[in-house]
Amino acid sequence: MKKYEVPDNLLYTKEHEWIKVDGDKAICGITDYAQKSLSDIVFVETPEIGREIKKNEVVCTIESVKSVSDVYSPTSGKIVDANERLKNEPDLINKSPYEDGWIFKLELADKSELEDLIKPEEYRELIRKIEEGR
Amino acid sequence: MRVTPFFELESKVGAFFTEFAGWRLPLHFGSAIQEAKNVRKDCSFFDITHMGRVKISGPDSEILLAKVFSRVLRKDGKGLYGFLVSSDGRTIDDTVIFKKNSQEFIAIFNSARKDEDIKLLEDEIRNLRLKVEVIDISDESVFVAVQGPKSALKISEFFDNLGVNINIPASRFSFTDNGEIFISRTGYTGEDGFEIIVPAGFAQKIWDALMKAGIPPAGLAARDILRLEAGLILYGLDLKESDTPFGSHLERFVDSEFERIAVLKEKFRNNPSFLKGVIFESLPIPQHGDRVYPEGFVTSAVFSAILRKPIALVRFKQNIAEQEVVKAETRGKVIYGTVVSLPFVRSS
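Each protein sequence line maps, in turn, to chains Z and C.
Going by this note's numbering, the first residue of the first sequence is number 238, and it counts up by one from there.
Going by this note's numbering, the first residue of the second sequence is number -4, and it counts up by one from there.
Here chain C stands alone, though its shape is the one from the complex (with noise of 0.2 Å):
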């Protein structure tokens, strides 16, 4: 099982740990609704150094995303939410690209799936003949995510507490590298936030910079509550390789542009699936892969810190509209929700 630099300094404020992706991390400092409801009103960070962090560069960068990236970079100093597809509209994993500039990329993969994900771009730099170079940067550094509407504010106070002077992105999915430290305006909570990453030697004036600025740590518990209220997928459970991002509220991140869509609208008429938000009224929380009629099943569940009712992520076989109303058989029990638009909390 594998610890992040943090691990200790968590230990010793009361994490709770569980396993996630072959990493022990904190699921929880005491309350997962409390560490959520902080995030919604002031600001917290979370430790994902689990996440995939890697370097795509060469002079053959944008024809390698153009290939396997559903979205077009155009900007330099931005990023964008997207989708890696395989040549056969398998959806690899879903990811952030930023873009450094035309011959220097960053990505953010799901860490159970970044093995994956190299793969799929090596594969095609073989196929392809292309000048292009993948560098695994996750192990040589810490990743943190500050999220909140206090966190701008209390980003500035970390940084000077760290004594770095550095440029804060202003806008949505910008960011800025100075070959040290990366800083995107980016998030998995729904609110404003900031994610850094910083060489691993550096935990515990990190860990420092981030109390005296007073920004509190949260776990995976509350992160889990946060992304599902704000609407976003978690890849693996809500989203997986047979399915696409058609029907499932996310059409809007594969470009027109993008060689793959075809293959990816193919592989969504032949086998058609729709995900949909669905707030239950009463408990018990449903599970992962519990039944919903009409036919369905849940693909993630938790109990909002905010509505307080179990909110779910359902994939139909066929289009519900809102307002429906659908049961789902969970441990026995039934439980009756409505479909609603997403997201099911919008942001502070």
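So that you can see chain Z by itself, here it is in the shape it has in the complex (with noise of 0.2 Å):
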């Protein structure tokens, strides 16, 4: 069975959202898994920056060759920033995920929250889990 990329320095969603935290802040993306079983990402329409969003609240929607997708904010915060290259080069998340890839950038509301987030060993065992269930 072909590896995923899951990076030790993240942590994740059931949902495949990947955060980065640094200090009171986050970026966040999908995760290597989420993007290829997307396929080709035709479209992102990214975030509006300074927009309050709770923790589990959709972001944004990314369109592949086939289907529409809800991205999930991994906690409750503002954003900041968001990725404007994915507005003309969308397939940057299909190339690099947790790198050129990220689709949005937030302000902490709480960081208690992170506890709740799931860890990458766990992460890479519920992916083993999908693909064996499938």
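Note that these hints are calculated values from the structure, not bench results.
Treat the hints with care, since some could be wrong.
Claimed, not checked - DMTMM-like, lysine to aspartate or glutamate: derived pairs with alpha carbons at most 25 Å apart:
(1) Z:Lys356 / Z:Glu242
(2) C:Lys328 / Z:Asp307
(3) C:Lys70 / C:Glu3
(4) C:Lys7 / C:Glu152
(5) Z:Lys240 / C:Glu14
(6) C:Lys328 / Z:Glu326
(7) C:Lys304 / Z:Asp307
(8) Z:Lys251 / C:Glu152
(9) Z:Lys348 / Z:Glu359
(10) C:Lys260 / C:Glu152
(11) C:Lys7 / Z:Asp245
(12) Z:Lys273 / C:Glu128
(13) Z:Lys291 / Z:Glu350
(14) C:Lys95 / C:Glu128
(15) C:Lys7 / Z:Glu242
(16) C:Lys328 / Z:Glu252
(17) C:Lys7 / Z:Glu326
(18) Z:Lys356 / Z:Glu252
Stated by the list, open to error - Label pairs and their in silico Cβ distance ranges:
(19) C:Leu232 / Z:Glu369: 24 to 32 Å
(20) C:Arg124 / Z:Lys366: 48 to 56 Å
(21) C:Glu276 / Z:Pro357: 55 to 63 Å
What the hints assert, rightly or not - Chain C is nowhere near these chain Z residues, computed Cβ spacing over 10 Å in every case:
(22) Lys273
(23) Lys303
(24) Leu363
Cβ coordinates follow ideal geometry from the N, Cα and C atoms, glycine included.
Since each chain comes alone in its own frame, lean on the hints to assemble the complex.
Right, here's the structure in full:
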């Protein structure tokens, strides 16, 4: 079975988002597994900067060749930045899901929420179970 | 969940799998768009082992097919695309049936419909007391489709690599069957290509021979883009039991000699609907079942690799003329599209 990239320095959600925490701020995107399950991404509606969002709220949508998927926010906070490059190069998410394909930046409202997120080891286990169950 | 004999080999080269009709099949190998483009300019292969292959043989085979199949197979060594139709005018499946001789045929069925198809054949055989045998050969073989303008060139190399000497069918819908290997000049992409049935034990050898001939794998997502660009329907989405080939750009696949043409026409008159191609001007890509105005619904849609726009087949209540503008509602958004003639993309 082929492996999906799951970096050790990130936290994850059941909906296949990742979050990289840096002090009071965090960068978010979708995982390698998520981008592969979507296939080619053709459009990303990047979120509005300044918007306050709650944990698990839909931040934006991603369209691939066949389907539309919602991106949920891993934590509550305020959106302070969005990856404008995705407007013209949505496939950056396919090419580099954890680096150039980041989607939005949050100012964290409540750092204790991070405790509910999934650790890399558990996320690998989650993907393994999904793959086996299919 | 079933897997094909190619599963491990596909995993090794990075396939992302999806579930389709009870099978675990490769959705893509990295990029569906690149895979679709490669089929348009070069050639790739699809693992289509999930599709049903059925042998129909016996002295009454032609009587059976005349009852249930919408085409008249006249020439040996040729196949025809058409529909299996029940006595009450239900469209049971779309299929290609190949004629070896008047007593031997090979039919290709959609995997999700194979059991229904066989049941239809068996019922007719029983009712009419025909001397026909229907044998499902799907499990003992693998099935691959080599598709693209360079198929003819590369398929010879493929058979050389395999050490097999076989006549490559020269014209569309012709085929060769040497008892072990079946090869037809058919496909589901709108491009030139071949479909090949080989004994299941050969999977590794076939894979190696394909790789050596420079024929890379492509997944179901690319196949869906290509078939829709070519304006080819997917039974179950674009055409269902209750639909008829009439009004769906499929009239030419029902021969006038077909006995059940009358019941199909009557069904169409009583409950007409019209399948049309629509190019939408903007995203999102509409989904199966989305509402369209004038009254209709999306039967299938995809983002075209070539046109860089969403393309869809839409079933309308009324006959909508080409160039007419229609609108669809998808996920709370309104998108506008134009009715066009099919195919969306002409082969290279």
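*For this structure, which hints from the list above don't hold up?*
3, 8, 10, 12, 17, 21, 22, 23
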